[in-house]
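Colleague: Below, each chain spelled out in residue letters.
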Amino acid sequence: MSKTFLKSVSSANSKFPKDLLIWNYWDHEHIVGTHFEHYKKVNILYEDNKVCFSERWAKLAFMPFYLKTTDLCVMTNENQMDVFHYAFFNLIFCKQIFIFEENANKECKVTRHTHLQIPRFIKFLEPLFDKIMQKWWIDVWEEDMPMRERRLKVWKLGFQDFKGINYINNPKVVKNKSLNRNYKVNLPIPKITHIKNKSSEKTFIRIIKKSKHIGYGLPDL
Amino acid sequence: MFYSGFKMLKEKIGSLKDLSKNNQFSRWIHDHDILVYKNGDKIEAVSNICPHFGGPIGYHDIKIVNQKPVFTCLWHNLQFCINSGECTTHSNLVLRKYNIEVEDKDIFVYIN
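Chains as they are written, first to last, in our numbering: chain A, 1311 to 1531; chain B, 8 to 119.
These are calculated hints, taken from the structure and not from any lab test.
The model shown is predicted, which means the values in this text are computed figures rather than measured ones.
Ideal Cβ positions, reconstructed from N, Cα and C, are used throughout, including at glycine.
The reader is advised that the hints may include incorrect statements.
As the list claims (entries may be wrong) - Calculated lysine-lysine pairs in the DSSO-like style (CA-CA distance at most 30 Å, straight line):
(1) Lys70/B x Lys1369/A
(2) Lys1485/A x Lys104/B
(3) Lys24/B x Lys1473/A
(4) Lys1487/A x Lys1416/A
(5) Lys28/B x Lys1463/A
Claimed, not checked - Partial pick of chain B residues on the chain A-facing surface, computed with a CB cut under 7 Å:
(6) Gly61
(7) Thr95
(8) Asn106
(9) Glu108
(10) Phe115
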């Protein structure tokens, strides 16, 4: 059967530095917490500073069940991340390209190109596909926003991963008022499940039914 | 209040009314994100910044895990015992607990 692709392009400007956005996209475990309505489990099979190979259990639009997907995420270069999704015995294939463009003010624009492989005879569905992709883009962008804002906020206060903030941890420490450091991400992001399990399978499961029922993100993160 | 020679500020963080809906609330005060919650009959306060990646500890109800009452970080499921502040998921991570006072219907917290 002849095949082609449904295509869609979405983009948004952010006030965040590029590295923070990459941190967010590369934190594959957060999808279970932050995007809890769409994902219930992620299993990171392999990861290094450029590649992440994982399995996800995702609930797509209009589908009443979770679909297991196999996902390969590649940092093609410092400004581009390619993600290859396979599902349903590899019958479903989707490629997404994320382009990160940071301006002089350290604010980054993200553009997502989506290509879903389909039989050629349903190419006419592209407008509908684009509509669904645009909605998905906005929903995910908004779900991630409190996390990004909070991450930047604590970073500016001197936060260090696996340590916290020194003047909070130790009341004797005086807060550094002139702290001004650029956000820098180092891949891969250490995964709590990797550290805990010390096994080859790194499954991260949602343990809380809902993740924001008490008002996360309101009003000051 | 003094903490080993350092003066601590006493700041109003909220009122008992703020606890009525969810038994917890969080506020940023002088760059401290503080979670105030009911632990049985007691009112306590703990840092709301997970030392893992900085996610919020609150926003979930307190759960009993291995006979310990815990809060769970929203971002990566790290759990912290509310009695000690210690992380039960990953060793060497501890949440700071804050001293508080309740005067009339207002809740005050001591911060550096």
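Colleague: Hint by hint, which ones does this structure get wrong, listed from lowest number up?
Modeller: Checked against the structure, the hints that fail are numbers 3, 7, 8, 9 and 10, while the rest are satisfied.
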